[in-house]
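Build the full structure now, drawing on both the sequences and the hints.
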Amino acid sequence: MTLIKNITKNNKGKNISFEERVSIQHWKKEGLSNRKTARHSNRGPQTIHNEIKCGITIQCKQ
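If you read the sequence shown in UniProt numbering, its first letter stands for residue 1, the second for the next number, and so on.
No wet-lab data here; the hints were simulated from the structure. A few of these clues could be false.
Under the rule of at most 30 angstroms between Cα atoms (straight-line distance), these lysine-lysine pairs were calculated in the DSSO-like manner [said to hold, decoys possible]: (1) K53 x K14; (2) K36 x K53; (3) K36 x K14; (4) K53 x K29; (5) K14 x K29.
Structure, rendered in structure tokens:
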């Protein structure tokens with residue numbers, strides 16, 4: 001049996017930094033979905049949704 005190491009950084013319980021918020025805003029402006037944005041930032045889709053819903057990150061109108 002081979003062991004596959006998890007190479008993604010575990011961000012559970014960590015606050016989102018300003019740089020991450022700027023990145024999320026940039027990806028949303030490009031038209032990425034919350035799920036694709038979550039994959040890029042190694043966060044959960046619900047975390048991205050909460051950031052946008054609370055108004056911390058600006059969501060552009062399409």
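Status of each hint after checking the structure:
1. K53 x K14: holds, 19 angstroms
2. K36 x K53: holds, 17 angstroms
3. K36 x K14: holds, 20 angstroms
4. K53 x K29: holds, 15 angstroms
5. K14 x K29: Roughly 24 angstroms between the alpha carbons, so the hint for K14 and K29 holds.
Consistency with the previously given hints is maintained throughout, with no hint failing.
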